[in-house]
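Residue numbers for the sequence shown follow my numbering, beginning at 1 and rising by one.
It is possible that part of the hints are untrue.
[As the list claims (entries may be wrong)] Here are the computed lysine-lysine pairs in the DSS-like style, where the Cα-Cα straight-line distance is at most 27 Å:
id	residue 1	residue 2
1	K108	K324
2	K400	K57
3	K403	K337
4	K281	K160
5	K5	K61
6	K403	K390
7	K43	K80
The set of hints was computed from the structure by calculation and includes no laboratory data.
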Amino acid sequence: MEILKLEKTGKNIELFEQLKKLDNDFEFQGKNDSESLFYITEKDNILGYAIVELAEKACLKRIFINKKLRNNGFGSILLKYLINWLINNNFDSLVVENHKHMNNFLEKQRFIKNKDGFYELGNFREERKQNRRMIFVSKFAIAVNIVLALLKIVSGHVFKSVSLISDGLNSLSDLITNILVIIGLKVGENPEDKEHPFGHGKIESVFSVIIGTFIMITAFNIIKENIVGLFQLKGEVITSPMPVIITVIVIVIKIFQLLFMKNKTKDYRGALINSLLEDYKADIAVSVSVLIGILLSRINPVFDVVVGVSVAIYIMYSGYNLIKDNALILLDSQDEKLLESVRKDLSEFDEIENAHDFRMTTSGKNIYLFIDVRMNRSLTIDEAHEITNKISKFIKHKYKNIKRVLIHAEPVYDNDSSGCAIK
């Protein structure tokens with residue numbers, strides 16, 4: 001199966017004839033760049049097409065699938081491809097003015113009615129802007145961490161501070177973290193496709209696990225070096241005020257970096273960004289500990305080594321939590337609090353007799369929910385579908401991170417006690 005965009009080569013008579021044969025109402029002028037034609041093919045057969053008027057808000061003029069092939073998902077595949085094309089070409093939204101007989105189809109794709117009564121799916125630019133903002137913030141952090149790592153490591157060697165060197169190595173691990181964040185964001189922003197129906201968001205958790213592993217390896221090496229230094233009683237009394245001044249400057253920079261990051265990412269809460277924010281908080285705690293260690297080393301140089309080990313243990317613990325939390329996401333660990341909240345919501349629908357098997361999977365910031373419900377067996381398929389569709393819309397409207405809800409309806413028979421009652 002392939003989806004193509006018509007390129008205006010002037011040799012489209014045969015294609016137009018096929019489309020006209022497919023749909024008697026097919027009409028495409030294509031005299032300028034304001035209209036584009038997309039068509040879906042399989043084994044040289046045209047399955048359907050879509051015509052879009054490309055203005056500031058792209059307008060879907062017509063979408064048509066071969067009547068014999070409807071209810072096979074080709075319409076959704078074509079529409080998703082079109083939406084991805086619009087996103088990649090910097091359009092802000094897609095409007096459907098003529099939506100007769102399409103309301104349910106469009107609402108399933110998260111279209112909502114605007115003030116003009118048209119269906120619209122929007123904020124494409126804002127989503128891309130968010131991702132680009134995340135990448136910019138990560139690039140900025142790379143520059144900051146290069147400076148901080150060099151400053152700490154060089155100063156640590158000059159002034160014989162083990163804890164300052166340890167903190168510098170921690171900044172080097174942050175550098176790797178930021179590079180992985182950029183790679184993860186670039187891959188994770190790719191939309192859903194046939195091979196990846198839940199999108200590419202899980203790559204964020206994969207990279208977060210890698211980041212956590214790097215953090216733990218760095219911490220282990222710091223602990224090893226500091227323990228060797230402790231038993232060899234390495235260290236000198238630090239009398240120069242420069243290590244203290246440098247560490248204070250580092251703390252101020254890290255606090256500024258955390259606040260800057262929070263401000264730029266306040267509308268985005270993916271696994272990678274959450275990992276990065278936690279890493280920044282840990283960095284501040286580490287640098288404060290280093291400052292205390294340097295001050296105490298004036299009494300005895302062993303304090304500097306002890307603080308270095310303590311800092312590394314804390315870093316290792318942070319890395320462990322990062323790996324654990326994201327491994328749970330990759331293993332589709334269930335958010336029982338969220339599922340219980342949804343269960344309570346379902347109890348408000350009189351048509352639902354009971355519900356069971358609440359399941360979810362997470363991909364980036366999106367959640368996909370699967371629910372089995374039991375309803376009166378006298379309901380028709382249309383009635384049951386209408387009820388599940390109503391519930392799905394309600395859940396997606398209430399929980400913004402839930403992108404899709406799949407509800408499997410089952411009949412309730414006499415003396416049927418299976419399932420988990422919610423009444």
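Status of each hint after checking the structure:
1. K108 <-> K324: violated (34 Å)
2. K400 <-> K57: The hint holds at about 23 Å.
3. K403 <-> K337: Since the Cα atoms of K403 and K337 sit roughly 18 Å apart, the hinted pair holds (cutoff 27 Å).
4. K281 <-> K160: holds (26 Å)
5. K5 <-> K61: holds (15 Å)
6. K403 <-> K390: holds (15 Å)
7. K43 <-> K80: holds (21 Å)
The structure shown violates just one earlier hint, number 1.
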